[in-house]
Amino acid sequence: MFARLTRDRYAWLLLPAGLLILVLFAYPVFWLLVRSFSDPTWGLQNYQTVLEKTIYLKVLWNTVAIAGATTIGALVLGYPMAYSMVHSPPLVRKLLIFVVLIPFWTSILVRTFAWMVLLQPKGIVNDLLIGIGLIDTPAKFMFNRTGVLIGMIQIMLPFMVFPLYSVMSRIDHSYVQAAANLGARPVKSFVRVYLPLSMPGVITGSMLVFIIALGYFITPALLGGRKDVMIAQLIQQQISDFGNWALASALAVILLVGTGLIFAVVFKVFKVGPDARL
Amino acid sequence: MRQIAFWKNLRGLICGLVVLYMVVPLAIILVISFSSAPFLSFPPPGFSMQWYDKFFTDPSWVRSLMVSLQVMVPTAILATLAGTGAALALTRSKLPAAGFIQGLLMAPLVVPVIITAAAVFGVFRIWGLYGTIPGLILAHTVLTIPYVLSTVVTALGLVDRRLEDAAANLGARPLTTFRRITLPLILPAVLSGLLFAMVISFDELVVSLFISTPTVRPVTVLMWSNIRGATDPTIAAIATLLFLFSLTALLLEGLARRRSNQPRVL
Amino acid sequence: MADPILELKAVRKSFGKVLAVDDVTLSIGTGEFLTFLGPSGSGKTTTLMMVAGFQSVTSGSMMLDGKPLDPLPAYERDIGMVFQHYALFPHMTVTQNVSFPLEMRKVAKQEIKQRVQEVLALVGLPTHGERFPKQLSGGQQQRVALARAMVFKPRLLLMDEPLGALDKKLREHMQIEIMRLHRDLGITVLYVTHDQEEALVMSDRIAVFNEGRIEQIGTPDDLYENPATRFVADFIGESNFLKGRVTRRENGLVRIEGLLPLQGRAASGLAEQGQAVLAVRPERLHIRTVGASGNGEENAVEGRVTDIVYLGQSRKFIVRLADDSEMTALVQANVQGLESVSVGSEVGLSWRAEDSKVLPDA
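Protein sequences, first through last, are from chains A, B and C.
Quick note on our numbering: the first sequence kicks off at 31 and runs consecutively.
Quick note on our numbering: the second sequence kicks off at -19 and runs consecutively.
Quick note on our numbering: the third sequence kicks off at 411 and runs consecutively.
The set of hints was computed from the structure by calculation and includes no laboratory data.
Warning: the hint list may mix true and false statements.
[What the hints assert, rightly or not] Distance windows between CB atoms, simulated:
no.: 1; chain 1: B; residue 1: VAL3; chain 2: A; residue 2: THR71; range: 52 to 58 Å
no.: 2; chain 1: C; residue 1: HIS583; chain 2: B; residue 2: ASN149; range: 47 to 53 Å
no.: 3; chain 1: C; residue 1: HIS583; chain 2: B; residue 2: LEU235; range: 53 to 59 Å
no.: 4; chain 1: B; residue 1: ALA146; chain 2: C; residue 2: SER735; range: 44 to 50 Å
no.: 5; chain 1: A; residue 1: VAL53; chain 2: B; residue 2: VAL139; range: 56 to 62 Å
no.: 6; chain 1: A; residue 1: HIS117; chain 2: C; residue 2: LYS427; range: 21 to 27 Å
no.: 7; chain 1: B; residue 1: ALA146; chain 2: A; residue 2: VAL53; range: 54 to 60 Å
no.: 8; chain 1: C; residue 1: GLY476; chain 2: B; residue 2: VAL3; range: 53 to 59 Å
no.: 9; chain 1: B; residue 1: MET46; chain 2: A; residue 2: ILE292; range: 25 to 31 Å
[To be verified] Just some of the chain C residues that point at chain A, by a computed CB distance under 7 Å:
no.: 10; residue: PHE464
no.: 11; residue: PRO478
no.: 12; residue: ALA484
no.: 13; residue: TYR485
no.: 14; residue: PHE493
no.: 15; residue: ALA497
no.: 16; residue: GLN506
no.: 17; residue: MET514
no.: 18; residue: ARG515
no.: 19; residue: VAL517
no.: 20; residue: TYR720
Using N, Cα and C, we set each Cβ at its ideal position, and we do this for glycine too.
The shape of chain A in the complex, shown without the other chains (with noise of 0.2 Å):
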C-alpha cells in the first residue's frame, strides 16, 4: 500500500500543507497541552488550581454567560432576519443578506472599535437617548456587559442566520399551508409547524454561535470591564504580564475539551453537524 502511495503522484502534493499544519499547528498546540499537565512537574495540578481558585472559576462562568447570552441575542434577532430573508421579494432578500455579511467581511477589530466609538459617554448612542429624553446623564455601556454582548451579538449574527437561512428557505410552502386548511390560525400554525422544521437551523445556529463565543477574545478585552473577562483574556494576561504557562495551558485545555464536548453533544444527539458554509 504504501509503494502504491509514493508512485500516486498526486500523493505528494499534500505535503506541504501537510508538513506545515503538522509542525506549526498540531505540534504547537500539543505541547501547549502538554505542558498543562507538565508544568511545573507531571500532575494535574494546573487544573486544581483553576478549580479551586474562585476568580478562575469566575472567568469560566464569565465565559458560559456571555456566550450563553450572545447566543440567545443571536437568536432573537437573527431568527426574524433569516424568516425576512426567505419571505421577500428578491431585492430585499439581496438587500438583507448583503446587510448580514458586512460585518463578516470586516475585520472583527474594525467593528469592536466601531462599537467603541458609539457606546463611550460622548457617543452618538448616549447623544441620540439624551436627546430623545429617555435619559438625563449618560448611561454606561462600555467596559461592561451590556457592551460587550452589543457587540458580540453583532459579530456573532451571520453565524446565526445563515444556517437558519439554509434550513428555512428549504421548508416546503405547503406545509405552512396546509396548517392552515386545517384550522392552525397563524400563531398556532408557526408553533407547531414552522418552528419545528426550523429547528436544524436553529440548533447549528445556536452551536455555532456559542462555540466561537466561548473563545471570544479582541471583543470582550475592549468592551468589557473587569467583572466580563472571558477565558481567552485570562489566556492572554497569564501569558503575557505573568509568563504563567502552566496556568495558561490548563485553561487552554479547558476551552478545548469544552468545545469539543459541545460539538460531540450536540451531533450525538440532534443529529446535526455544522455545515459547511464559507
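Once you've looked at the hints, dock chains B and C against the given chain A.
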C-alpha cells in the same frame, strides 16, 4: 388577517433595527475618518483627509503597514500553493483516511484562535521565530490554509472527472491535463482562495498579537495598542481602509466566482 | 340543483396584467364529485387555491353553504384539502398528523383518539399510526393525507392532482379507492387533474378549463359525446377534425362543405354561417376497402392507409386524405373483412351524421 399583519409589522420592525444595528457602526467610522476635528465626535465638524495622511506619514504606522504587506503577500501565495496542492491530493488520489486528513488540515478553523496563538507563541520562542517576519508568515499561512483548501476542494468537486479522462484518452499526459484542463477550471476558486488568504492575513490580530514585538508588528497589532487610548480619528481612518480593502477583495472574489458559475456566498 | 354546497359566480383572478382565471361560474351539489380538468396554466389550480383561501379573488363571489367564503382566512374555512405532494408534517407521526385538525378544533383527547383510529381504518392503514411520513410509501402517504383531510368531516373536500406522483398501476388502484370512499361517505369532492382519463373515470361532472375559462361543464358522457368546442373535443378522448363552411341546417343537422360535403349535429354555439369544424371519434369510423359496397352512412371520405397501429384489442388505421389531412380510425380486433387492408391500401371511411358534431372553428 389582522393577526398576520401584526406579526408581519413586528418582524419588519425587528429587521429594520437589525439592519441599522449591522450597518450604522461602520458608517459612523467611515464618516469620522474624514473628520477635521482631532477627537472622535459625531457628527464631525468638517471634512479632512488628515488622518489618512497621518497613517501614511507617521513612521510607526508606515512601518507596521510595511510589515503587514510583507507578511500578507507571501502568506497568500504559500497558503494558496499548499492549500491547492492538498486539495488536489485529497480529491484525486486514494489516500487512506482522507476524511481525517482533511479534518486535520481544517483544524485551525475549528480550534479557538487564542489556543493557536498561545501554542504558536510558546513554540516560536523556542525556535527563535518570535518577533520575525518569517514567523508571522508561517503562522498566518497555517491559519489561512483551511480557507483555500475548502474553496478549492469544492471547486474540484464540481469539475467533472470525465473531462480529465477525456483529455487522457486524447493523449494528454497528467501534467498537461492539469495545466490545460483542470487548472483553468479551478482557477477562479484558487484566486478566490488567494484573495481570502490576503484579507484574513491583513485582518489577523490574535496570533499576531502574541508573536509580534514593538519592532516587528503589523497594522492590526499597532491598532490594538493604540485603541484603548485612542482620542483621534487616525484609527477610524485605518479601520475604514481595512474595511474597504476587505470589501474590495471580497467583491473581487465574488466576481471571480460569478464568472465561473460556481457556488458563492451571495 | 337543490342546495349547492359550493357556488362560484363570475370569479376572476389576475396577477398584475395576467388574467389567470376569467369569469368562472359553477355550482357543486351535495355529494357530487366535480373535476376541474385542463392543461397546465388553464386556471384550474388557481381556482382551487381561491376556494381553499390561499389566493385572493380579484372579482366575483364564492359561497360555501350559502355563506360568503371570501372574507374568511384559510384557517377558518373548514374545507378539507389533499395537497399535490401530500404536505404531511414530516416531524409528526401519522397519528399526530391526522389528529392535528381535531386539536385545532379543540376536540377532546379521547374523542380524537377514537376518530383518528376510525379514519385510519377507513383508508386501510389501521396499524401505521406511529410511523413517520418518510417511512411510508407514496400510496400510503396519499392515504394518510386523505385521512387527515377527512377526519374533521368537512363539507367539501378539495384534491389537487393527488395522484400525479404515483405510478400507473397504483394510480388506477387509488382512483378506485377514492371513488369508493366518495360513494360510501357521500362527501362532496372538488378534484383537479390534467389527466382526462382520470377525470372520465372518477367524476360525476367535469369542468373543462382552458386559458382561464371554463369551456364546458357536463357529465363525462356529455363531454365525450357532445363536446361544445373544438378544445373539449380534442382534449377529451381523441377526435378527427375536418374543416368546412356551413351551408345548410335542417332537423338539428348541419351541412358543411370542405373537402367534401359532410353532415353532423350542430353544437349549440355554432353560428349560422361561416367556418366550422366537424369532429368525429375514431371508433365511430367504419373502414371498407374501395370497391366494397357502402353501408348507407351519410358521411364518407376516401384515402390511403399510411400506418396501422396494433393495440392488442384494437387497431388504429391512419388514413391520409386527398388534401393531405389525416384521419384516425379505431377498429376492434374482431372486425372481419379487413384482412386485405395494409399500408398503402386505398380505403373508404364512413360514419353516421349523428356520430359527428359540427363545432365552431376556434
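Mind checking the hinted window 44 to 50 Å against the Cβ distance between B:ALA146 and C:SER735?
Roughly 49 Å apart at Cβ, these two residues keep to the hinted range, so it holds.
Distance restraint hint 53 to 59 Å, applied to the beta-carbon atoms of C:GLY476 and B:VAL3
Cβ of C:GLY476 to Cβ of B:VAL3: about 55 Å, so the range 53 to 59 Å holds.
C:GLN506 as chain A interface residue, shortest Cβ-Cβ below 7 Å:
Violated: closest Cβ of chain A sits about 10 Å from C:GLN506, beyond 7 Å.
52 to 58 Å as the expected CB spacing between A:THR71 and B:VAL3, which holds or is violated
holds (54 Å)
For the range 54 to 60 Å, tell me whether the beta carbons of B:ALA146 and A:VAL53 fit it or not.
violated (39 Å)
Range hint 25 to 31 Å (beta carbons of B:MET46 and A:ILE292) holds or violated:
violated (41 Å)
Quick one, is the C:PHE493 hint okay against chain A at 7 Å, beta carbons?
holds (5 Å)
Hint C:VAL517 vs chain A: min CB-CB distance below 7 Å?
C:VAL517 check fails; min Cβ-Cβ to chain A is 11 Å, beyond 7 Å.
Holds or violated: is there a CB of chain A closer than 7 Å to the CB of C:ARG515?
holds (6 Å)
Tell me if C:ALA497 is really an interface residue toward chain A, meaning its C-beta lies closer than 7 Å to one of theirs.
holds (4 Å)
Does the interface hint hold: is C:TYR720 within less than 7 Å of chain A, judged Cβ to Cβ?
This hint is violated: C:TYR720 lies away from chain A, its Cβ roughly 43 Å from the closest one there, beyond 7 Å.
Mind checking the hinted window 21 to 27 Å against the Cβ distance between A:HIS117 and C:LYS427?
holds (24 Å)
Against the hints set out earlier in the document, violations occur for numbers 5, 7, 9, 11, 16, 19, 20.
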